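K.L.:
Kindly produce the complete structure, drawing on both the sequences and the hints.
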Amino acid sequence: MIDIKLLRDDPERVRKSQLARGEDPDVVDRVLELDESRRAALSAFEQARAEQKSVSKQVGALMGQAQKAAKAGAPDAAEQMATAQQARTRAAELAEQVKTLDARSGELAAELDRTARTIGNVVIDGVPTGGEEDFTLLETVGTPRDFAAEGFAPKDHLEIGQGLGIIDIERGAKVAGSRFYYLKGWGARLEHALMGLAQQVAVDEGFTPLVVPNLVKEHTMAGAGFLDSHADEVYRLEADELYLTGTSEVGLAGYHLDEIIDLSEGPLRYAATSTCYRREAGSHGKDTKGIFRVHQFAKTEMFVYCRPEDAEAEHANLLRIERGILDSLEIPYRVIDVAAGDLGGPAARKYDIEGWVPSQDRYRELTSTSNCTTFQARRLGIRERDPQGQGTRVVATLNGTMLTSTRPIVALLENHQQADGTVVVPPVLRPFLGGVEVLEPR
RNA sequence: GGAGGUGUCGCAUAGUGGCCUAGUGCGCCCGCCUGCUAAGCGGGUUGAGGUUGAAAACCUCUCGCGGGUUCAAAUCCCGCCACCUCCGCCA
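Numbered according to the working numbering, the first sequence spans residues -16 to 425.
Note that these hints are calculated values from the structure, not bench results.
Any given hint could be a false lead.
As the list claims (entries may be wrong) - Below, in silico cross-link-like pairs of lysine to aspartate or glutamate (EDC-like), each with a Cα-Cα straight-line distance of 16 Å or less:
1) K(-12) - D12
2) K200 - E224
3) K167 - E188
4) K(-1) - D9
5) K138 - D12
None of these values were measured; they are calculated from a predicted model.
P.N.:
Written out as structure tokens, the structure is:
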């Protein structure tokens, strides 16, 4: 949710952001108009309400007096009662007005909210303008292997995985349909090892591990920003009005829902591993081979709550951690600054780390980290006591992928394959795999 | 799944239609007093929004959430949610 005050104070900045995203800048003016109407309607309601309350209070007093007078047989008792009745009639009229004015201001508030929600987060200066192809390449790390020089043609991950007997696509499809799979033996253990490594690094980096709900209410899902433009990516459980989360980011963002948190000791950093569910509705026919793009995978996610002024530093920290992991897995990768048009609604900036996939002869997204500034937290009602002055202010949130299961498995198998079909396990993973150094065909 | 109960300010509690502008205690913050500490005394202490250049001040909303009745709702009615107790079932 965009900050309506920012929109009032500096609409030009929001228009620019909309343009950078390739979205409609005029929505800013519609929001401003709605905001003005809403405030006018609210004022009218509040004024009428104040009067109603004061008249209503008089009614009580006048009725009391009139009754007392009647009891005492005062000569003006009837007159007093008439006055009280008059006030009561007036209060009833006002109550009617208040109801109408309240409804009007409520309608305008709802419409304002609906319209404002279509605006994405204001992108940070420096984020490249444009769509998917317009990213800025920040750095390339490592060198893809020259398989020709080594004298063999690299196989793709599926071929390798099937050779090792660790990936089973056919049975996945039989049981659950396309884009489902079984991991077996070392395959299953690879997933556990990757999540184990991720948890290890998370704890070493000072993140608090959390086990989170993977089914959440609509309010949480919407608050985290997953029902805006990508609503059809999400599995919904109709009978229970719950949503299956596509990332533990949802549970992590919801953790402090509607809370005032204490950031005086520094940012709150959490990490959670979960199974992630994605419909992949918009990607029919894309990446259909193997386990590169699937409906279900494991992921360990980092999540940070911090003060807005610390958000960029935290973002850099998340990127550093993600890079360290891929360094240790010895996968060549590059880091890109994702273009505004390719950002999700809540993100003000996003860095993707793309790992080298030999069979595709290109870099593909392995991990990602987003700075959502105050956008997500505003909608989720997550605030802190204002460090200077009174009241509260909205905090900033960031998230980053520590590791997922499937894509890193693809990258590991392909990058570390040998001519004889075996796969060398990078040293960092060996402790999580019972010390094994090479995966061999059975 | 069945039966019953509870939900009020950070915590505990009072409050069965108008004197609630939600009281009291604890905790916390500021000050006074005081060799030091404690006690005592005085004041402050939910959050959101609006009018305003800002502040001050004022107003509206906020007693789990959403509706309703009423001139008037923490209080009455309806629906929902969460938690607790017991029974049943179950990993």
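K.L.:
None of the hints should be skipped; say for each whether it holds.
P.N.:
Hint-by-hint comparison with the structure:
no., hint, result
1, K(-12) - D12, "holds, 14 Å"
2, K200 - E224, "holds, 7 Å"
3, K167 - E188, "violated, 31 Å"
4, K(-1) - D9, "holds, 11 Å"
5, K138 - D12, "violated, 55 Å"
In the structure shown, a violation is registered for the earlier hints numbered 3 and 5, in ascending order.
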